[in-house]
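Mind docking chain B on chain A? Use the hints.
Chains A and B, in that order, give the protein sequences.
First residue of the first sequence? That's 1 in the numbering used here, and the numbers climb one at a time after it.
First residue of the second sequence? That's 1 in the numbering used here, and the numbers climb one at a time after it.
Just so you know, the hints here were simulated from the structure itself, not pulled from any lab data.
Please read these numbers as outputs of a predicted model, since none were measured by experiment.
Keep in mind that the hints are not guaranteed to be accurate.
The following label-pair restraints were derived from C-beta to C-beta distances [claimed, not checked]:
1) A:Ser77 with B:Ser28: 24 to 30 Å
2) B:Ala11 with A:Gly371: 36 to 42 Å
3) B:Gly13 with A:Leu691: 23 to 29 Å
4) B:Ser28 with A:Gln617: 53 to 59 Å
5) B:Arg40 with A:Ser464: 52 to 58 Å
6) B:Asp44 with A:Gly496: 37 to 43 Å
7) A:Glu203 with B:Ala11: 22 to 28 Å
8) B:Ser2 with A:Glu203: 24 to 30 Å
9) B:Leu4 with A:Ala436: 54 to 60 Å
The list that follows gives simulated cross-link-like pairs (lysine to any residue, SDA-like), each with its CA atoms no further than 20 Å apart [stated by the list, open to error]:
10) A:Lys230 with B:Tyr31
11) A:Lys230 with B:Gln39
12) A:Lys230 with B:Ala18
So these bits of chain A aren't anywhere near chain B, every CB distance computed over 12 Å [stated by the list, open to error]:
13) Glu28
14) Val64
15) Leu66
16) Val82
17) Arg90
18) Asn125
19) Leu154
20) Ala156
21) Arg176
22) Arg221
23) Ala520
24) Lys550
25) Ala565
26) Arg672
We put the beta carbon where it would ideally sit given N, CA and C, even for glycine.
Here's the letter readout for the chains.
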Amino acid sequence: MSLAGEVAPPHVQTGNADLGEFARAGAEGQSVLVLAVPDAYCATCIDSIEHSLCDVPGVVTARVNLSRRHVRVEYASSLDPVALVSAVTRAGYRTYPVDHDHGDGDPAFRDLLRATAVAGFAAGNIMLFSVSIWAGADEPTRNLFHWISALIALPAILYAGQPFFRSAFSALRAGRTNMDVPISIGVTLTTALSLFETITSGEHAYFDASTMLLFFLLVGRSLDHMMRVKARSSVENLARLSPRGAHTILADGSLAFVRLVEIEPGMALLLRAGDRVPVDCRVLSGEGPVDMAVVTGESMPLAASPDVDLPAGAMNLSAALTVAALRKSDDSFLSRMQALMEAAENTRTAYRRIADRAARLYAPVVHVTAGATFVGWIVLGAGWHAALLNAVAVLIITCPCALALAVPIVHVIASGLLFENGIVMRDGSALERLAAVKRVAFDKTGTLTTGNVSFLSQELGDSSILDFAAGIAARSGHPLSVALAQASPHPITFGGDVVEHPGMGITATNAQGNWRLGSADLCGAGMDKTVDDNSRIWLAADGEVVGCFKFADAVRADARETVAALERLGLPVEILSGDQLGPVVAVAAATGIEKFSAGLAPEGKQRILEAGSRDGQPYLMVGDGINDAPALRSAHVSVAPSSATDIGRAAADFILTNQRLNGVPLLVRVARRADMLVRQNLAISVAYNALVLPLAITGHVTPLVAALAMSSSSILVVLNAMRLRLGARRSGPLSDQYRKVRT
Amino acid sequence: MSGLLILIPVAIGLGALALATFLWAVRSGQYDDLDGAGQRILLDDDMP
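Chain B with its partners taken away, still in its complex shape:
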């Protein structure tokens, strides 16, 4: 039982972390141009 008390918060915490990361990615516009993101990796220099 005591193992559960540690493992449950850890499991939920990791899940919540992934969720928060995804929400941050959505908010910062990383899902706005999926086609462009795939092509930009081919560009040599960093755009301003």
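The shape of chain A in the complex, shown without the other chains:
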């Protein structure tokens, strides 16, 4: 399993207090814990994870759910759950606990499946009788068959129609209409009229039409639900364990776990290496680098030392720090970002889905037409019975089966296509919004770049100096040291003593002398006066500078190609960054982007994006950090790479689960095609209605015509949506981490 080095593996909190929060009580002294295993994808993965867990004494059962990438473990409550996490880690998989309020499958999906099955059973059996009637059964047989149909249809419709009735009722109560309102009215009236016809031994009953309609719609809805669950669980599984609390230092020097909300200003907390800063705080003791990339967008880590303030969300990289909380969690940096996001949310709810807009136009037209048909026939002197029959026929024939399938079926196919290409769609409306964007804005750190510093070039000394420096650097955990250690193909292992000076560098001694590796100050290389973006470290031997190495935040391999592809699609690209001007200019040059803004606060990014929406030039925003979250929400539509912070992912509409940016142009192409197909589908449904409506108004719609028209229009819409898969090429092989998953 290759971790590309671009995503830090999640840091599992191994404190008991923390894991215990996720465990639920099971049967008879047993507990249940659900662990996410985002990398599991095959039979071998299932086998090794389950075996590794079952070998732990005390584990009763372990079962992997490959669709959700979870493993559910039942174990004796006396067992320490930490053993479970380490068992999965031993098997070679990243893991962390998840909340499992939905641990027993997916009740909503089961309900939908049951309703679909009942509607399918009813539709199939009623069709059996309907075909006999259409074939010309004599009157007693026809009546008998109508009665049997009614007996099957009534309970089936009552049961399977619930999702629609409930949604229509809540929409009406809120004073709105949606697609479920005409569906519910159509089904109810059709069934009532058919029942009346059956009782009065009438010629036509439409039980087959109403059950078939429900069956088609439920199939569409089940597919839609499956798509959503898949998207949601892949997002959950990407989520790193955000700090749910921290370790506080008690008066006697011992540690205790406190939850995030219980942290009070002034509380002394211990941050271990790899911990995220839980609330805004000030360093009391300890020194070491702190990664600010997700907070401010700056790619170089901040050197923390006593009296330096750290914002919530930053990550402590190497040394343990003791800090004092400055604010409660509610007042911290993270919460301020949350508040900005919520403010942006209000402007976004104004967007109405295309299907809802269609329904708002459609429902009144249909109901007025049906009413007019009824009145018209009465005026023309037909009896109220014939008039009612024709009015209901209008409702049946216009019952928006095709219209209700037109949008979701395209989105289901689009999300399947995107999923195969490593893109998770969190919301169907995002695809509609994406088709309308006119510009693209990228964040720099962690989006156009990998967010990790890497070795750029050697400015002084030869390759043996690099090999030697890499050996010293391998002894330190600072990001620059890690990058330097990786830069040399043959590092010379350093055997002497090494002392790390946080914020400065490393001093080392061996038989050959005293070595200093680090900042210009430490090595006596004069003041670091370089004005360009790259940071350098020097190597000094006994006070004499012998080497100099240059580092930069590496631009993603496919960034330039992605920018060019977006420009070809007619979308101008720009950079909105919180970092200094220098690094932004360098990245803009490396990726071929001409327009950029540097040093932006989160509010600044938001203002630019909102101005774009106002001027009719809506933005697609691609960003990852905590400081990007409000911008991701303000943009018309947004994308986050998989390395994004939890809050960044929660704010984005699409998430790239592989390490490639070229999913973005693919996304735009798919969205544009999907938008075209949705419009075609709506046109097909309306055209079909326009065609058969005169038949219904004039009273020529028999149950046979209704059944044929309804199924043919639905099939046409589904087939048209399938065209999305034609001509759509894959964006290339996925990374090892997220292999192609059958959808």
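Relative to chain A, chain B alone:
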């Protein structure tokens, strides 16, 4: 007509049987992990 009296209950009964089987399969969790079910056929030994 007498043929119908036998055939109709048989047809509906078979349909109902299929429906009941499907509902049982849903209830016993056989649709909870469709991807996993496809992969487990490749495992050699039965898991506990």
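> Quick check: which numbered hints come out false for this structure?
Replying inline: 3, 6, 12, 14, 15, 18 and 20
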